[in-house]
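Protein chains in written order, with numbering that gives the first Met the number 0: chain D, 0 to 654; chain C, 0 to 282; chain E, 0 to 131.
Note that these hints are calculated values from the structure, not bench results.
The C-beta atom is built at its ideal place from N, Cα and C for all residues, glycine as well.
Hints may be right or wrong, so weigh each one.
[Unchecked claim] If you anchor each label on the Cβ, the simulated ranges turn out as follows:
| hint | chain 1 | residue 1 | chain 2 | residue 2 | range |
| --- | --- | --- | --- | --- | --- |
| 1 | E | Val110 | C | Lys219 | 44 to 50 angstroms |
| 2 | D | Val614 | C | Lys209 | 31 to 37 angstroms |
| 3 | E | Gly111 | D | Arg147 | 34 to 40 angstroms |
| 4 | E | Val23 | D | Gly31 | 52 to 58 angstroms |
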Amino acid sequence: MEAIVKSNFIGKDAVARTERPAIFTRPTAKTGLVSWLTTVDHKKVGLLYGISSLFFFLVGGAEALLIRLQLAVPNNTLLSAQVYNELFTMHATTMIFLAVMPLSAAFFNYIMPLQIGARDVAFPRLNGFAFWVFLAGAIILNVGWFVRSGAPDIGWFGYAPLTSKAYSNTFTADMSTDLWIMGLQILGVSSVIGSLNFIVTIINMRAPGMTMMRLPVFVWMTLITAFLIVLSFPAITIALIALMMDRSFGANFFEVSNGGLPILWQHLFWVFGHPEVYILILPAMGIISEILPTFSRKPLFGYPIIVFSGAVIGLLGFGVWSHHMFTTGMGAVATAAFSLATMAIAVPTGVKIFNWIGTLWGGQLQMRTPMMFALGFVWMFMMGGFSGIMHSAAPADAQQQDSYFVVAHFHYVLIGGSIFALLAGIHYWFPLIFGRKVSEVWGKLSFWVIFVGFNVTFFPMHFLGLNGMPRRTFTYDGNMGWNSANLIATIGAMILGVGMAVYFAVMVYTYFKGQKIGRDPWNGRTLEWSIPNPPPEYNFAVLPTVHARDAFWYEKHHQDEIAQEKAAQAQAEQAHGGVHMPSQSWFPIMTAMAMLAGSLFFTNHNFLGAICAGVAVLAFIYLWAWEGPGGYHLHLDKDGNIIDEKSGSSQGASH
Amino acid sequence: MSSHAAPGHIDHHHDATTSTGIPNKKLFMWTFLASDCMFFGALISMHVIYRIHPPAGSPDPKSIFSIELTSFSTFILLMSSLLMALAVNSIQKGKIRSTRNNLLGTIFFGLIFLACQVYEFEHFVHDRNLTLSNSLFGSTFYTLTGTHGCHVAIGVVWLVLMYIRTFKPENADGSRTPWFIMSIVHLLVFTVAIVLGVHVIVELGHEVQKANFGVGAFLKAYALPSIGFLVALAGLYGLGRRSGPVDFNESHAIDVESMGIYWHFVDIVWIIIFPVVYLLEYI
Amino acid sequence: MSASTAEPASGSHDSSHGQSKFHVFVQVAMLLAVITGVEIVIIYLPLPYLVVFVTLALLSLVKFMFVIFIFMHLKWDKFFCTVMFFIGLVLASGTVLALHALFAAKDSKPVGPAYESVQLDFRDASSRSVAA
Chain D
0 MEAIVKSNFI GKDAVARTER PAIFTRPTAK TGLVSWLTTV DHKKVGLLYG
50 ISSLFFFLVG GAEALLIRLQ LAVPNNTLLS AQVYNELFTM HATTMIFLAV
100 MPLSAAFFNY IMPLQIGARD VAFPRLNGFA FWVFLAGAII LNVGWFVRSG
150 APDIGWFGYA PLTSKAYSNT FTADMSTDLW IMGLQILGVS SVIGSLNFIV
200 TIINMRAPGM TMMRLPVFVW MTLITAFLIV LSFPAITIAL IALMMDRSFG
250 ANFFEVSNGG LPILWQHLFW VFGHPEVYIL ILPAMGIISE ILPTFSRKPL
300 FGYPIIVFSG AVIGLLGFGV WSHHMFTTGM GAVATAAFSL ATMAIAVPTG
350 VKIFNWIGTL WGGQLQMRTP MMFALGFVWM FMMGGFSGIM HSAAPADAQQ
400 QDSYFVVAHF HYVLIGGSIF ALLAGIHYWF PLIFGRKVSE VWGKLSFWVI
450 FVGFNVTFFP MHFLGLNGMP RRTFTYDGNM GWNSANLIAT IGAMILGVGM
500 AVYFAVMVYT YFKGQKIGRD PWNGRTLEWS IPNPPPEYNF AVLPTVHARD
550 AFWYEKHHQD EIAQEKAAQA QAEQAHGGVH MPSQSWFPIM TAMAMLAGSL
600 FFTNHNFLGA ICAGVAVLAF IYLWAWEGPG GYHLHLDKDG NIIDEKSGSS
650 QGASH
Chain C
0 MSSHAAPGHI DHHHDATTST GIPNKKLFMW TFLASDCMFF GALISMHVIY
50 RIHPPAGSPD PKSIFSIELT SFSTFILLMS SLLMALAVNS IQKGKIRSTR
100 NNLLGTIFFG LIFLACQVYE FEHFVHDRNL TLSNSLFGST FYTLTGTHGC
150 HVAIGVVWLV LMYIRTFKPE NADGSRTPWF IMSIVHLLVF TVAIVLGVHV
200 IVELGHEVQK ANFGVGAFLK AYALPSIGFL VALAGLYGLG RRSGPVDFNE
250 SHAIDVESMG IYWHFVDIVW IIIFPVVYLL EYI
Chain E
0 MSASTAEPAS GSHDSSHGQS KFHVFVQVAM LLAVITGVEI VIIYLPLPYL
50 VVFVTLALLS LVKFMFVIFI FMHLKWDKFF CTVMFFIGLV LASGTVLALH
100 ALFAAKDSKP VGPAYESVQL DFRDASSRSV AA
């Protein structure tokens, strides 16, 4: 196998020529607004996803706090039923699609190419495009707050026939559900395109010697999550198309009086919806699988089994969807089948937990902040898993369905699981991305406040659920025996809010004024720690050759061998013209904005406007194809600084 | 490929720049098709489920469908698939003219399929009283076959753009008329030809059914679009006769191949839809 | 790049391999046309439902396989392309079958005024007059 990943580049640099239409001059700004709007750098795209997702996390959190305030006392009148419905719909939609998924995407984008030893993803412009389309989707979903229609109020799962036109408010054109449909479709486009890119990148752009079984577990989880996304989103796409046809064109898919079957919506939604929850948790499991070995100073226990279990979870995740529908009267056979499948999926999950414990066992544990969050993950996710197993028994679920027991379950796995892992990841990779280290004292403080607040909020909900409190109701009577648990949960939510505020404040402070730190502060095991922090645009001065799992650990312990290899590699890359970099482009963002305009026109039933915007989308895609991949070469001196071709002087590579 | 790779030495089955040897674009397209399988699977399920439980008063498909027309369009799509494979084959051997002819053939047959579908839809709506909203069968039928038709249309657009691309002159920046302008002109002429052509063919299809059909009367009534169509065709012929070295060769085979994989997929979806939606109603 | 390291054998293998592929494509297309013809004819023959159904399914499967392995070139490409596509195909087929089984089950039979079957009448005997 050839030692060097050579480029597909044809040798002509994308220099602006006088006869070329000016529209095709590639933007070259490396700093400033234009550099962000036209970026094809996976690290910048990752940061864009990160900032956006953290913003929407706060929005979703505010929505949650309002919900808890309303439920703090019985018969509360803080919020009307209508506003309450909008809040719980948007809280879930925001947290799932605009917070957790893009925050995971931020890590996929930033960290994954570094961990496989690549300079960028397979299709850099498409990567930028996926982000701008995500932003378009986020805007569409939240536009409702500012217009008369109001925000979507049909629950994040949008069950038919509640979503039919008949239930839209009768004042002019209540578009809230149409905005929800369109927003989710656009977000689906973003997720699928991004995931296709990641799959091709991971499979096709690994550094020499990086076999699949030497990949960091985080990369494996990225790959499996990407597969889940591309295979599950089509189901909800079809369901949303059917719903849109019903609402906008009078079709009868869920129109009961004409023979429509609303239960079909539930099936199609959950064929997507169940893999979706694994999409939310697998990246988190990947992050934990990186952090635990690093802070136990031991390799991950049972790597092949952890990878295999992840794949099995992904696969089985497609076979359990009707466990969300145990109370819909599917019949004994179907109910039993899905119940068994759901119990089965606990097995690989449990295997992973045992392997994580095996990683910790006998290790030299270093209780830094990322480790605290990671340990919190293992315990809290386990608790969420226990309540999940309780759901899998269909007779028990008959009591738990639609009650607060379910709310407790999924918040334990989503906050105790996904969020804890993502917060851990931010702490863990902060030194790499920003070159500064978060204070241990403040980091741990934020962890403890979050941990306490989270448990105080959601543990009582197990009891509320078993005592009969239903979900999605804006108020409750004072004589049901639910009062104290609700008040405790609300207090816990406030504590959680304070914890998150501390966490965010610490991050912002550290970004601006945190203690600067050198490379590899945690004595890491994977390749992202082998480059300067913050990383230079080209990632690796010399593409690494991988000899073993935990590639960087090998490098640190075989320094002479690696030094010789790198010297030979650098020469070979120079002989091929230098470091190949992708060119920036305006067309990803232009195409996405045209899609945004078209979506809003369509939702408003302004079909002429939608068609015009559609033509604009086609035009921008045409120009995008026309401008071609472009690309240019960098030359580096022996210290990894970029040599300015004209002046021959070296410029610093980082910052 | 680096600039010193000579044509003829490109291995179309192995790309040494990737970890697996599979070109990125090909892997991307196959992964996308795996996703599209789930997409059409869900869509076909919806139709099948509603056919298992038809509501009272559901129209009988046998009284609506025209098996002759749909069989004809099935064969047409099959032929377009063959021509697409031949186009990929041609460009892998660097034969530009043959590639162009095969691409044109694929476009032509693809458009016949679309015209048949447009005609079919119009016929069902006007003469068989089957609309999207007046029955559940209409909803599922039009959504399923219409979505497939959209996939065909997207393929046709892509094919047209690929065809135009084969004319990019090698010395693009030295030519008298900028290549960018020429390509837009070519695209516009093609668009006019397609829109007018499909319109005239579909209208011809409707008129032929009527008792008082006369070719002269038809041409008089549809003089403007027919003439426009012929003029556009003449324009396409003229534009297609441009010769001279072009910047399109074996190294672009991967792009044609990726498009071909998409087009064949659209054909295999129809291989499923035709029996499931049409043939099964008759047994 | 590949000029220096590509096996010349694969180049010539490619061209001789490519010559015969034209004929392979045309022959496969003819076969597919014939199979399609058989599918159309068979629905008019007085055979049992199950026989026709299974035959149609098998014939479609044969056409499907020919297109993906010959026209779409999977037979000659790296095996991983086949793996990738079959992941989607198998999952989609499984989902379609599962959904079909769920809706064909007795418990899933829809009832209500829109359906020909049972018209449930919850009014008590005294208020039931003329059928709605």
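Hint check:
no.: 1; hint: E/Val110 / C/Lys219: 44 to 50 angstroms; result: 57 angstroms, violated
no.: 2; hint: D/Val614 / C/Lys209: 31 to 37 angstroms; result: 35 angstroms, holds
no.: 3; hint: E/Gly111 / D/Arg147: 34 to 40 angstroms; result: 35 angstroms, holds
no.: 4; hint: E/Val23 / D/Gly31: 52 to 58 angstroms; result: 56 angstroms, holds
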